[in-house]
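Please construct the entire structure, taking both the sequences and the accompanying hints into account.
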Amino acid sequence: MAESPSFLGVRRSRRSVLRSTGLVAAGATLASLGACASEEDPGPGGPAANPGGAPAETFTEPSEKLSGDLKVLLWSHFVPSHDTWFDKFVQDWAAKVGVKATVDHIDQAQIPTRIAAEIQAGQGHDVIQFIAPLSQFEPSVLDMKDITEEAVKRWGDQLDVCRKSTFNPTTGKFFAYSPGWVPDPGNFRASLWGPAGFAKGPATWDELLQGGAEIKKSKGVQMGLGMSQEIDSNMVLRALMWSYGASIQDANERVVINSDQTVAAVEYMSRLFKETMTNEVFSWNAASNNQGLVAGKLSYAVNSISAYRTAQGTAPQVAEDILFVPALRGTQGALAAQHVMYNWIVPKHAKNPAAAKEFLLHYTANYAAATYASKLYDFCAWDKLTPQRDGWLASDPFGSKPADKLAFLRDATKWTTNIGHPGPSNTAEGEVFNTFIIPNMFARAARGEVSARQAVLDAEAQINPVFSKWRSQGLVGGGS
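Using my numbering, the first residue of the sequence shown is number 29, and each one after it goes up by one.
Just so you know, these hints were derived from the structure itself, not from any lab.
One should not assume that every hint holds.
[As the list claims (entries may be wrong)] The list that follows gives simulated cross-link-like pairs (lysine to any residue, SDA-like), each with its CA atoms no further than 20 Å apart: (1) Lys-442 / Ala-362; (2) Lys-442 / Val-118; (3) Lys-128 / Gln-138; (4) Lys-325 / Ser-219; (5) Lys-433 / Arg-417; (6) Lys-181 / Gly-200; (7) Lys-173 / Arg-417.
Here the structure is a predicted model, which is why all the values come from computation and not from measurement.
Here is the structure:
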């Protein structure tokens with residue numbers, strides 16, 4: 029299909045000054061806490077599939093002549109086979125369109141800091157990917173409305189969780205573009221949970237406590253839910269809050285964290301820690317739960333399928349013992365955050381935004397190849413672009429035993445929601461996420477430093493100024 033010439037009408041602004049020093053501080057905090065942490069230890073990533081099973085790739089001529097350099101920055105994927113595919117994919121496209129492309133991969137924990145530094149310097153990469161919403165950088169990036177609307181025009185409605193993770197309804201701006209995401213199920217060891225009375229794994233947070241406590245008591249094997257300053261802790265603790273009916277903000281972007289529901293969630297997590305875990309979860313880095321699960325030292329973790337893929341290659345017996353459950357039910361429902369929410373941004377200082385956006389459309393059009401190269405890790409924001417996905421999940425081409433072990437992920441959108449739920453992924457939520465206020469809140473109570481209610485009050489005292497700051501700049505809705 030020919031592309032619309034008008035969608036790439038972008039302004040190449042050199043303005044790159046952050047509107048808040050809090051952005052740089054947030055990035056620096058993330059760097060100092062997680063610069064050495066890689067979320068996964070992929071190993072060989074499990075068995076290779078038949079090369080002939082990879083989807084054919086397509087190419088559409090850009091709507092305008094492209095030239096110059098295109099500098100791409102993204103994470104080192106948790107499933108290494110994806111990066112092998114991606115790097116060649118970029119170079120093949122660049123050669124066809126007359127662009128010289130450079131691709132840099134770095135640890136995911138370093139990316140927000142790198143973004144902040146490049147924005148301050150007013151130079152750097154043309155297009156950058158992160159694995160969680162980058163709403164806190166909205167003032168310093170181009171509006172991705174044009175590319176999102178073009179994608180919708182070509183392929184229909186975007187998956188709601190991806191749209192909500194890139195769009196600010198207060199400003200009407202798409203601070204990022206999301207072509208895909210990754211679910212965040214529970215991973216459990218069947219050989220441990222069966223004797224504890226839960227052959228199919230826990231279905232509720234109460235069952236998680238009951239079964240996890242029995243396993244730790246009888247087998248000496250702990251669970252792996254972090255309360256640390258890293259991305260997995262951020263995700264799982266929000267899932268617990270939502271399942272208890274708690275949240276940071278409401279649908280109107282008003283801070284509502286100080287509630288009985290939040291206190292109940294914090295009290296629950298304190299008990300879960302005491303009965304099923306050890307102090308190391310307070311210094312968890314983003315690799316810890318994966319490494320522990322693959323090593324057979326954890327009974328349960330909340331994560332994507334990448335640790336399982338690693339175990340297929342390094343510890344096949346462990347891999348066969350790993351099963352999955354969807355989001356656990358709490359007192360008010362069952363919700364999980366996405367494990368990964370791909371956010372692609374084009375900074376205002378980008379020298380080649382036209383090529384950046386054309387590449388992202390080409391990448392999206394070939395998302396079936398990305399899903400396959402990631403061994404079914406990456407899911408597309410447009411289901412019609414990966415018609416093979418459900419068949420792959422039902423009969424895993426990468427050697428799952430049983431072959432349909434991953435079939436439950438076909439319904440993952442039913443129990444997945446966006447960071448910021450029940451509101452949008454706004455700039456305030458982005459800063460709260462990247463300064464780890466929520467993991468700190470849970471950890472302080474679990475360690476016994478303060479009561480659950482005091483931990484919530486202290487978190488509220490940190491969160492309110494963040495919302496007020498961004499609201500004063502017209503970037504967050506609601507009221508105080």
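Against the structure, the hints:
Pair hint Lys-442 plus Ala-362 holds up; C-alpha atoms about 9 Å apart against a cutoff of 20 Å. Simply put, Lys-442 and Val-118 have alpha-carbon atoms about 33 Å apart, too far for the 20 Å limit, and the pair is violated. Our distance criterion of 20 Å between C-alpha atoms is broken by Lys-128 and Gln-138, whose separation comes to about 25 Å. With a CA separation close to 12 Å, the supplied pair Lys-325 and Ser-219 stays within the 20 Å bound.
A hinted pair counts as satisfied when its Cα atoms are at most 20 Å apart, and Lys-433 with Arg-417 qualifies at roughly 14 Å. Annotation: proposed proximity of Lys-181 to Gly-200 holds, straight-line Cα distance about 18 Å (limit 20 Å). Restraint check for Lys-173 and Arg-417: the C-alpha separation of about 27 Å exceeds 20 Å, so the hint is violated.
Consistency note: the structure conflicts with the earlier hints numbered 2, 3, 7.
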